[in-house]
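S.K.: Listed below, chain by chain, are the residues.
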Amino acid sequence: MLLQEVHHRVKNNLQVILSMIRLQNDEIEDKIVMEKFINLENRINAIAKTYNMLLIKENLEEIDMQEYIDSLLLDIQVTINHENDQINIKTDIDAMIPLRESVYIGLIINELVTNAYKYAFDDHKGTVLISLHHHKNDFILIVEDDGKGFIMEENHNTLGLKLIRTLVYDQLEGDIEISTNNHTKYIIRFSI
Amino acid sequence: MKEINILIVEDESIVAMEIKSYIKKLGYTVTAICSNAKDALTIISEQKVEIVLMDICIKGELDGVETAVLIKQSHPHIEIIFLTAHLDDYNVDRAIKIDPTAYLSKPFNREELRVFLKIALRKINRDASTDVSSKHTIFLDHEFSYDPVNHTLYCCQEIINLTKKENELLKLFIDNKNNIVDFYTLENTIWPNKETNTNTIRTLVKRLRQKLKHKFIETISSRGYKLTIIDKGIYS
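Heads up: the sequence lines are chains A and B, in that order. Sequential numbering of the first sequence, starting at 1071, is according to this note's numbering. Sequential numbering of the second sequence, starting at 48, is according to this note's numbering.
Note that these hints are calculated values from the structure, not bench results. These figures come from a predicted structure and were not determined experimentally. No false leads were mixed into what you were given.
If you anchor each label on the Cβ, the simulated ranges turn out as follows:
no., chain 1, residue 1, chain 2, residue 2, range
1, A, Leu1169, B, Val77, 34 to 44 Å
2, A, Asn1083, B, Val77, 15 to 25 Å
3, B, Pro195, A, Gln1147, 43 to 53 Å
4, B, Val162, A, His1152, 18 to 28 Å
5, A, Asp1164, B, Ser92, 51 to 61 Å
6, B, Glu113, A, Arg1079, 20 to 30 Å
7, A, Leu1144, B, His198, 39 to 49 Å
8, A, Asp1164, B, Asn172, 39 to 49 Å
For lysine to any residue, the following SDA-like pairs were computed, each having C-alpha atoms within a straight-line distance of at most 25 Å:
no., chain 1, residue 1, chain 2, residue 2
9, A, Lys1255, A, Glu1224
10, A, Lys1101, B, Glu159
11, A, Lys1188, B, Asn156
12, B, Lys72, A, Asn1109
13, B, Lys170, B, Glu50
14, B, Lys106, A, Ile1087
15, B, Lys224, B, Leu209
16, B, Lys72, A, Phe1107
17, A, Lys1106, A, Lys1195
18, B, Lys72, A, Glu1111
Where is the CB? At the ideal position from N, CA and C, for every residue including glycine.
Build out the structure end to end from the sequences listed, making use of the hints.
M.R.: This is the structure:
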C-alpha cells in the first residue's frame, strides 16, 4: 500500500512536470523550439508510462515490455507523425524487465524511434523493427529501419545519441553496436 | 460550435492550468477550476456545466468518485471524465458505476483527452435530441412506442413504416386512448371529404393491427374501436 502511494506521488509529480512543459510550449510559436519541447515531453512520458504499467500488474517488480513499448510507440507516433507518413513500426518483444531498467530501455527506444521518424525516410515511407529478447544471461534490443542511414561522424554529438550512449554504457552497463551505412541498425546488449 | 462549458476539479493547480490552456485551445469554455467537492457542487448548481473533468484525489472529505456520484444524482446529463493517477480496481470499479465518458490515467495524453471530449460532446448532443422527442413519447407497451412529434411508430427502437392513413388512424386512436372511437368520428377524421364504407375502415384497421402485432386495438361491436394501453404509459 505504501509503495503504491509512493508511485501515485511520483506519477502526480511527473504530471506536474509535463504540465509545466506543455504550458510553456503553448506559448511558443517557433516550430524548432516547439519540437524540442515535444521531445522533452516524450522523454518524460516514457518514464511516466512505466508507472502505469507497474500499477496494473500484480507483480510490482517487473514490467511487461511488449505492453509498455507498444503503448509508448503509440504516444510517439501521435506527437511526431505527419499527415502523410507511411512509416510502419513492428515489434517483436518478449521480456519482463524491472522498473529501473525499463525506464532506460523506454528512453532509448524513444530516442531511436524519434530519430528514425525524423531523419531516416526522405519520402516518409518505411519500416522500423524493434525486437527485445532474453538470450541466456543477456537481453538483446535491436532497433533497425530500412531508411537511408546516416554518417555517424556528423551526428554523434546530438543529444539523442548522447543520451542513448550514457544509458547503455553507464546505466545498463551494456554495449552497443551501430551500423549506419545502408539503413540503420542498433544492437544493444545488457544484462540484469 | 455550440458553447460547451467544462468544470475542472483538480487539486494540482499547475495541472489544472494546463488542462484549461489546452481545452480552451480546443474551443471549449472553462466554467471554473476547483479542488474540492463542496465548490464543485456549488458551481454546478449555480452555473451551466456540461462536462466535468474530475481528479479522484481531491481536497476535502469527499473524493472525486464520491463527488461525481453526487453530481450525477442531481444532474444526470453532465458527462464525467476522470483524470487520475489511481488505476487500481477499487477506484476504477467505483468510478465505472456512474458510466463516465472516460477514465484517463495521469500523466494524461492530450490527444486522448481531445478524443474523449469529443465523445462526451456527442453523448450530450444525442441525449439532447432524444430528450426532445422522448419527452412526449407514448409507450404502448414494452416494445411499441409512438412519437407524436414526428408521427413515428417504433417497435423495439426500430421505425415501423406507416402509410399516411395508417398514421392518421393511429394518431386518432392514441388521442382517444382507452376510449371508444366510433365509426362516425373515424370516417370524418380520416376521410373528411370522401364518402366511405365499413369495409374501407375495416381494411385500414386490419393493416394497422398487423403492424401492431394484433395488440392494443379491440373491436367494440356495432360502435367502433378502442386502443387500450394497460400501463399509464405516458412519460413526460
